[in-house]
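Whenever a hint applies, use it, and build me the whole structure from the sequences.
In this note's numbering, the protein residues as written are 8 to 321.
Once the Cα atoms are required to be at most 27 angstroms apart in a straight line, the calculated DSS-like pairs of lysine-lysine come out as:
hint, residue 1, residue 2
1, Lys291, Lys30
2, Lys113, Lys95
3, Lys113, Lys94
4, Lys291, Lys32
5, Lys99, Lys113
6, Lys30, Lys203
7, Lys291, Lys201
8, Lys291, Lys203
To be clear, the hints were calculated from the coordinates, so they are not data collected in a lab. Quantities reported herein were computed from a predicted structural model and do not represent experimental measurements.
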Amino acid sequence: MLFKILLLLQQKVLESEFTPLLKLKNISAGASVFVKLESAHPSGSVKERPALNMIARALERGDLISGGTIVEASSGNTGIGLAFAGKKLGLKTIIVLPASAPPDRKQILDIIGTEVILTPAEEGMDGAIRRAREISANIAGAWSSEQFSNPDNPEAHYLSTGPEIYTQLAGRVDVLVAGVGTGGTFSGTTRFLKTKNPHLKAFAMEPAQTFVLRGGKASPHRIAGISPGFVPANFQPSLCDGIIAVEETEAIATTNLLSETEGLQVNISSAANVAAALQLATRKEFSGRNIVTFVCDEANIDERIRKIQQFYEK
8 MLFKILLLLQ
18 QKVLESEFTP
28 LLKLKNISAG
38 ASVFVKLESA
48 HPSGSVKERP
58 ALNMIARALE
68 RGDLISGGTI
78 VEASSGNTGI
88 GLAFAGKKLG
98 LKTIIVLPAS
108 APPDRKQILD
118 IIGTEVILTP
128 AEEGMDGAIR
138 RAREISANIA
148 GAWSSEQFSN
158 PDNPEAHYLS
168 TGPEIYTQLA
178 GRVDVLVAGV
188 GTGGTFSGTT
198 RFLKTKNPHL
208 KAFAMEPAQT
218 FVLRGGKASP
228 HRIAGISPGF
238 VPANFQPSLC
248 DGIIAVEETE
258 AIATTNLLSE
268 TEGLQVNISS
278 AANVAAALQL
288 ATRKEFSGRN
298 IVTFVCDEAN
308 IDERIRKIQQ
318 FYEK
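In structure tokens, the structure reads:
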């Protein structure tokens with residue numbers, strides 16, 4: 008089983024190498040803003056990296072065994088990543104999804120053939136996590152990645168995302184900004200880049216409507232996929248040089264701006280990342296610097312489904 012995981016990883020690397028790092032040509036506002044196109048993964052999302060690494064490590068330790076069941080609470084993309092890899096490896100996957108998650112997430116999981124359990128929207132991710140733990144306790148051989156606290160999550164980005172960005176910019180990475188869902192992308196990527204450049208500035212982005220990372224209370228917001236209503240254990244505040252708040256209206260406007268000026272179709276969480284990067288680009292201290300952020304997933308649902316189906320046909 009572990010051999011199959013390694014083969015899956017090798018196939019991805021051989022076929023696509025690094026995910027692209029694209030410089031925004033028309034809206035960089037005084038700095039050079041780059042977006043890491045994590046939408047280029049076969050499953051269409053940045054979460055493919057931690058999903059594969061968490062499964063591989065669990066198999067290595069014996070926490071997950073052949074014929075076992077993956078049970079996961081997810082707002083969508085981690086669940087898709089786990090289901091994507093699980094199907095390829097012959098593992099059953101059950102995803103517990105808040106009813107507030109974007110409809111396309113459930114649509115993709117249904118296409119993969121994953122069992123999906125919905126929890127009340129008002130309970131948020133906390134409710135989904137509780138339900139996933141209840142399910143796991145009643146299934147022999149069940150394994151949950153516990154993505155919000157599992158160190159194998161940020162490790163995936165320390166081992167791959169960070170080195171890719173560093174290589175693609177020949178070490179000239181000055182600023183990183185990323186939204187925080189599980190904290191894995193931000194913490195793992197930042198930790199690697201700061202080992203290479205201790206002067207790098209790293210910023211976490213959160214919706215302006217909620218104040219969790221800024222020491223306040225959680226509030227509902229419409230930027231799906233980030234800010235689950237609590238500070239995840241995988242978020243390392245010691246790596247963070249500041250919090251950038253992005254209004255929902257600003258994220259929506261940036262979605263349109265990227266389409267009109269750069270020809271990029273992105274979801275709202277990716278647009279919020281870019282909006283945060285553009286805020287930083289206007290700061291005098293970052294004039295002429297390289298700022299990196301992420302396009303987290305594929306916005307075109309038909310294209311994402313096509314890529315997933317194509318991968319399974321190989």
